[in-house]
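Residue numbers (the working numbering): 359 to 1300.
Careful, some of the hints might be misleading.
For lysine-lysine, the following DSSO-like pairs were computed, each having C-alpha atoms within a straight-line distance of at most 30 Å [as the list claims (entries may be wrong)]:
id: 1; residue 1: 490; residue 2: 427
id: 2; residue 1: 427; residue 2: 729
id: 3; residue 1: 1152; residue 2: 611
id: 4; residue 1: 427; residue 2: 597
id: 5; residue 1: 660; residue 2: 1152
Quick list of simulated restraints, FRET-style, between CB atoms [said to hold, decoys possible]:
id: 6; residue 1: 1163; residue 2: 695; range: 26 to 36 Å
id: 7; residue 1: 477; residue 2: 715; range: 48 to 58 Å
id: 8; residue 1: 946; residue 2: 1130; range: 44 to 54 Å
id: 9; residue 1: 1130; residue 2: 1211; range: 31 to 41 Å
Because the hints were derived from the structure by calculation, they are not lab data. Note that this is a predicted model, so its numbers are computed, not measured. Note that CB positions come from ideal geometry on N, CA and C, so glycine has one too.
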Amino acid sequence: MPPRTVTFRAATAAAVIALGATLLAASPQAGAAAAEPAPVTDYCQGQCDDILPPGENGNATLVEILGNKAFGTHPAHSDDQLDRYNGLVAGHTGLTDQKLTEFFNDASFGVPKDQVESVTSPRDDVTITRDKASGVPHIKGTTRYGTEFGAGFAAGQDRLWLMDLFRHIGRGELTSFAGGALANQGLEQQFWPQAPYTEADLEAQVEYIRTHEGARGEQAMADAQAYVDGINAYRDKSKNGRYFPGEYVLTGKIDAITNVGEIQPFKLTDLISIASVVGGQFGGGGGGEVTAALSLLAAQQKYGVAEGTRVWESFRQREDPEAVLTVHDGTSFPYAGKPDKARGTALPDSGSVTAEPLIHDRTGSAGTDRKAPVKAPAALKKAQGIYDDGVIPEGSLPGSGSGAQRRGMSNALLVSGEHTASGNPIAVFGPQTGYFAPQLMMLQELQGPGISARGVSFAGVGMYIQMGRGQDYAWSATSAAQDITDTYAVDLCEPDGSTPTKDSTHYLYRGTCTAMETLERTNSWTPTVADSTAKGSYRMQVRRTNYGIVTHRATVGGKPVAYTSLRSTYRHEADSIIGFQMLNDPSYVTDAASFQQAASHIDYAFNWFYADSRTAAFYNSGMNPVRAADVDPALPVRAERAYEWQGYDPAANTAAYTPFAEHPHSSGQDYYISWNNKQAKGYAAAGFGLSAVHRGDLLDQRVSKLVEQGGVTRASLTRAMAEAAVTDLRGEQLLPELLKVIRSQPVTDPELNSAVQQLESWRAAGSQRRESSPGSHAYTHADAVRIMDAWWPKLVEAEFRPGLGDDLYGALTAGLATDESPAASHGPSGAHSGSAFQYGWWGFVDKDLRQVLGRPVKGPLARTYCGGGDASACRDALLASLKQAVAEPATAVYPGDDNCKAGEQWCTDSIVHRPLGGIAQKAIHWQNRPTYQQVVEFPAHR
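Generate the whole structure from the sequences, applying the supplied hints.
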């Protein structure tokens, strides 16, 4: 298939000529026409839609990159879904079923003949047909191998550079591959310690799937090999034909004139490496027990052990009776709850905790952002320094950046047929995986023996559709984050029997003094055209034990220990391939029950949702370890056999896992919502934040109202999602209580009274962060939004810090940030990331204010904090913090960054697709919405 480009202006062509005629590469040759596979029936009948901005095409030649930098031109299909995605902000209020395709792609199977843009046959048993509208690859094979080979070839066409980046991120080799920018250093330092492996470890995981999963495991690895073969076929063709991604030139991998250089071949273990990044960040859960222990200790030091524990538990809210639920029919699924009397808890001695050192032997620019730009050819000047801030800017990838927390960021809305206009279930759902150019996922359709689906797959592990639609059903997921990661305190020892210290590198394992295994990565870099970071190097080192990776050192009862992190999916990064294989198999998934069984074979922690013409359903997946009786999973536990996971075998990191029936699941409930909220009663929260106010409330209240009214349509359910996507959770859920306290007496200060009136008007209008008119780049209630953005962190501090004290307040905010508004670039999500209001003190503020107002509170805080529980004092504290907020200028509230000037409110909120390659995209209106999204309603079934 030829590289997909747009026509450049004459000046662009001149710049190209300066590089030499060799860059004007010949088109790759198509193979012989493949035999037509058997047709499939599309039971959605035109009622399945999807969207994945900015566009399908994620590869760009050097010519195209230079054109983008010089003139803002874009390769074909690299940005043609961006405006439709953005347009829903203004267009959702008048949305009808007929207008859905103005904002979404038609996700029907196949491509009508008059809509075919190109057909490529990389082998004689597969075709890749791309449609004119979006350039999505529709892969049809007559053999299983050919189908998967075609999937790999199409992945190479659309995401070759991105896949190369992510295999190096997973292997902890990003700086050596892409440059030593400080953000690159930070990224590999955060990701690699979570899943450090030797090459033998990666090979063992491939073999484990092949030998432990029966015929499906053998087929999965055969499919994966065919996929890798397809990637490598495109890699070779694009290199030889000189239409490979231009980033390889800019990072010094290939010479632009001579074509000397290499794109390293892909191999099966690269897929395990990529899976460790994807699954670990979006499908993990639990962990953080050391941070939790420190906040518990701070509470106990302030209030005493008993009262401090009671206070801490009221903030921890493992089982908040007011939390919004996905399964809301009262069914309980007990897991990871607080034991009545915990055994084996290993709290550190006060002041003894130190983080395990990761970086050693720094040279040159390591640990700094020192630049030493190379002398770039004149024709490459426009692209110089494109990676100076890193290939993935700090904080933009979920789970990365300073103070990062694992983010879920996906949502789902489903309504059962008894409440829809058609009598068929309707679903609006999708994953929010951040905003990148290109996206981490790619759209594709796969049709071949035993495979029939369209949807998205993460680039590099796209053997199967991971979220999408089959012939008569659709499915999607949200991150679940239940507790599948524990922290153990391993006693340190010395092999000669001498007294151990915190620095000891041996530990007691079932009574034997055992050496920790040392895993290392040494990375070095030199400046390139793309990354000007000066020459440097360092060595990353982690210690691995039979209880996981060492994260901290401390003393417990005066004796030295190492705290380790043990994740149930460690050493099983790609085992979930079996579940995805089942989801793509039309002979396996035939109804909601078989879908749930397929989802149960996915080991990562996800909430899975399903809809066909008859049933909407839900299943929570994950390798939930069965813990020893009375072990508290929220805190570190002693590394002794009595407290290990039941059936634990460290060699392959296997244990006993909770059975299918104990995972939250449901079929046929009136409706389902999920926005990374609590799944069901009894399913304990793995961290802070699943409380009385959660962004899931924005969906639940809207969908429940639609269900009560009846006659739900695809458009009305999409409108509910889109309205929630531009709503400020604080304004809708918390401002009424704040105003109730403030308005309990007249506000005599004219300036404050004016601010309160602005907030009241904003709340009455729906608390939205939305343009006054399309393209105005100014919010309708801009002043009220600014006041709330400035006020929220100040009011939380004014409400809680005086009562908690500095130490405890600091410890609790270390476990849960107070704010995550779109403008809170300091929050866990970073700036311009779209996802907002997942983590914050919303529930704490809500409960505390209701306690002040004397209203009923289920699961109250142990104490009332605002004004020490006095309503008048609370009002004074809120007004004082509001006065500070009103006085704060917009330039301070919105301080500006590389994308926005100081004071630019709309721009600060806006979504920016972070360029992972050389092509940049325009900013779009903020939406708290999935990146990839489906709107589906099946009218028929097999």
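**Asked** Measuring from beta carbon to beta carbon, are residue 1130 and residue 1211 in 31 to 41 Å?
**Response** The hinted range 31 to 41 Å holds for residue 1130 and residue 1211, with Cβ atoms some 34 Å apart.
**Item:** Satisfaction of the hinted span 48 to 58 Å by the C-beta atoms belonging to residue 477 and residue 715
**Value:** Cβ of residue 477 to Cβ of residue 715: about 55 Å, so the range 48 to 58 Å holds.
**Message:** Between the beta carbons of residue 1163 and residue 695, is the distance compatible with 26 to 36 Å?
**Reply:** holds, 29 Å
**Prompt:** Between residue 660 and residue 1152, is the straight-line Cα distance small enough, at 30 Å or below?
**Reply:** Satisfied, since the Cα-Cα distance of roughly 23 Å is no more than 30 Å.
**Asked** Has the hinted range 44 to 54 Å been met by the Cβ atoms of residue 946 and residue 1130?
**Response** holds, 51 Å
**Asked** If you draw a straight line from the CA of residue 1152 to the CA of residue 611, is it 30 Å or shorter?
**Response** violated, 49 Å
**Message:** Check the hint pairing residue 427 with residue 729 against an upper bound of 30 Å on the C-alpha distance.
**Reply:** holds, 21 Å
**Request:** With a cut-off of 30 Å on the C-alpha distance, tell me whether residue 427 and residue 597 pass.
**Result:** holds, 23 Å
**Prompt:** Within a Cα-Cα threshold of 30 Å, do residue 490 and residue 427 meet the stated pairing?
**Reply:** Given that 30 Å is the threshold and the Cα spacing comes to 25 Å, the pair holds.
Comparing the model with each earlier hint shows a violation of hint 3 alone; every other hint is respected.
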